[in-house]
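Generate coordinates for the entire structure from the input sequences, incorporating the hints supplied.
Each chain is listed here by its residues.
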Amino acid sequence: NAGVMQNPRHLVRRRGQEARLRCSPMKGHSHVYWYRQLPEEGLKFMVYLQKENIIDESGMPKERFSAEFPKEGPSILRIQQVVRGDSAAYFCASSPPYSSYGYTFGSGTRLTVV
Amino acid sequence: QQQVKQSPQSLIVQKGGISIINCAYENTAFDYFPWYQQFPGKGPALLIAIRPDVSEKKEGRFTISFNKSAKQFSLHIMDSQPGDSATYFCAASMGASYDKVIFGPGTSLSVIP
Numbered sequence: 003n004a005g006v007m008q009n010p011r012h013l014v015r016r017r018g019q020e021a022r023l024r025c026s027p028m029k030g031h032s033h034v035y036w037y038r039q040l041p042e043e044g045l046k047f048m049v050y051l052q053k054e055n056i057i058d059e060s061g062m063p064k065e066r067f068s069a070e071f072p073k074e075g076p077s078i079l080r081i082q083q084v085v086r087g088d089s090a091a092y093f094c095a096s097s098p099p100y101s102s103y104g105y106t107f108g109s110g111t112r113l114t115v116v
Numbered sequence: 018q019q020q021v022k023q024s025p026q027s028l029i030v031q032k033g034g035i036s037i038i039n040c041a042y043e044n045t046a047f048d049y050f051p052w053y054q055q056f057p058g059k060g061p062a063l064l065i066a067i068r069p070d071v072s073e074k075k076e077g078r079f080t081i082s083f084n085k086s087a088k089q090f091s092l093h094i095m096d097s098q099p100g101d102s103a104t105y106f107c108a109a110s111m112g113a114s115y116d117k118v119i120f121g122p123g124t125s126l127s128v129i130p
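Chains as they are written, first to last, in the numbering used here: chain A, 3 to 116; chain B, 18 to 130.
Hints listed in this document are in silico derivations from the structure and should not be mistaken for laboratory results. Quick caveat, the model's predicted, so the values are computed rather than measured. A few of these clues could be false.
[To be verified] Facing chain B, from chain A, some residues (calculated, C-beta under 10 Å):
#1 G5
#2 V6
#3 Y37
#4 I57
#5 D58
#6 F67
#7 A95
#8 F107
[As the list claims (entries may be wrong)] Think about it this way: if two alpha-carbon atoms lie no more than 20 Å apart in a straight line, the pair counts; the simulated SDA-like pairs of lysine to any residue are:
#9 A:K53 to A:K73
#10 A:K46 to B:P69
#11 A:K29 to A:P76
#12 B:K59 to A:A90
#13 A:K46 to B:K22
Note that CB positions come from ideal geometry on N, CA and C, so glycine has one too.
Right, here's the structure in full:
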């Protein structure tokens with residue numbers, strides 16, 4: 003039973019480029035959550051998705067950031083026109099239906115903007 | 018209302034000592050309180066969790082104490098070992114429903130020989 007899979011593990015982008023981060027939830031999990039962790043800081047909630055639905059995007063920056071969880075395939079966190087301040091570790095977590103018990107994290111994608 | 022407070026920010030403990038991390042919350046609708054352990058370069062991993070119908074939960078050297086009336090909970094690590102050196106996050110959610118988990122700011126624990 004594979005855990006939450008995130009790729010790539012490391013991503014380097016130049017300022018102004020687009021970054022796409024992918025997350026495949028654990029088998030049987032239908033809810034995906036994205037968090038951002040800045041160096042020496044905690045985990046900040048960004049967005050909560052179910053298949054084809056955004057449930058809560060209260061933590062998403064208003065511009066340049068978007069997320070989706072299509073019917074088929076992984077969840078995607080997309081950052082357009084990246085800036086240096088976007089450099090962070092982005093973690094995805096998944097949970098089973100109807101509960102946040104068993105909330106499981108992936109290993110994260112470390113984005114560096116140069 | 019959604020915030021989870023955590024202290025201390027960093028903690029240094031001698032090998033064999035007790036590490037204690039404290040957390041507090043405001044939203045009385047929270048009903049699930051997990052603790053996560055994170056090593057450098059890794060994702061957070063669930064360590065132990067408690068629900069408010071019990072005051073204490075113990076798993077090996079790790080114990081959560083929960084005070085519902087004070088809206089506080091704490092993690093105790095007995096006989097701390099250098100391998101316990103990591104960042105610890107307390108968290109809260111309305112676990113029995115669709116909801117995100119809210120994390121405290123984290124405590125960096127160093128266990129020195």
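Pair hint outcome, K53 of chain A versus K73 of chain A [Cα-Cα no greater than 20 Å]: 6 Å, holds
20 Å Cα cutoff - pair K46 of chain A, K22 of chain B: Judged against 20 Å, a Cα distance of about 13 Å means the pair holds.
Interface hint outcome for Y37 of chain A [beta carbon to chain B under 10 Å]: With a minimum Cβ separation of about 8 Å from chain B (threshold 10 Å), the hint on Y37 of chain A holds.
Pair hint K46 of chain A and P69 of chain B, alpha-carbon separation not exceeding 20 Å: 24 Å, violated
Interface hint outcome for D58 of chain A [beta carbon to chain B under 10 Å]: 6 Å, holds
Hint consistency between K59 of chain B and A90 of chain A [alpha-carbon to alpha-carbon, up to 20 Å]: 13 Å, holds
V6 of chain A as chain B interface residue, shortest Cβ-Cβ below 10 Å: 8 Å, holds
Cut-off 10 Å, beta-carbon criterion: hint that I57 of chain A touches chain B: Interface hint status for I57 of chain A: holds (7 Å vs cutoff 10 Å).
Given hint F107 of chain A near chain B, where the shortest CB pair must fall under 10 Å: Holds - the Cβ of F107 of chain A comes within 10 Å of chain B, reaching about 4 Å at its closest.
Straight-line alpha-carbon gap K29 of chain A to P76 of chain A, limit 20 Å: Since the Cα atoms of K29 of chain A and P76 of chain A sit roughly 12 Å apart, the hinted pair holds (cutoff 20 Å).
Interface hint compliance - F67 of chain A to chain B, C-beta minimum distance less than 10 Å: 16 Å, violated
Chain B contact restraint for A95 of chain A - C-beta distance below 10 Å: Hint on A95 of chain A: holds, closest Cβ of chain B at ~7 Å, below 10 Å.
Of the numbered hints given earlier, the model fails hints 6 and 10; all others are met.
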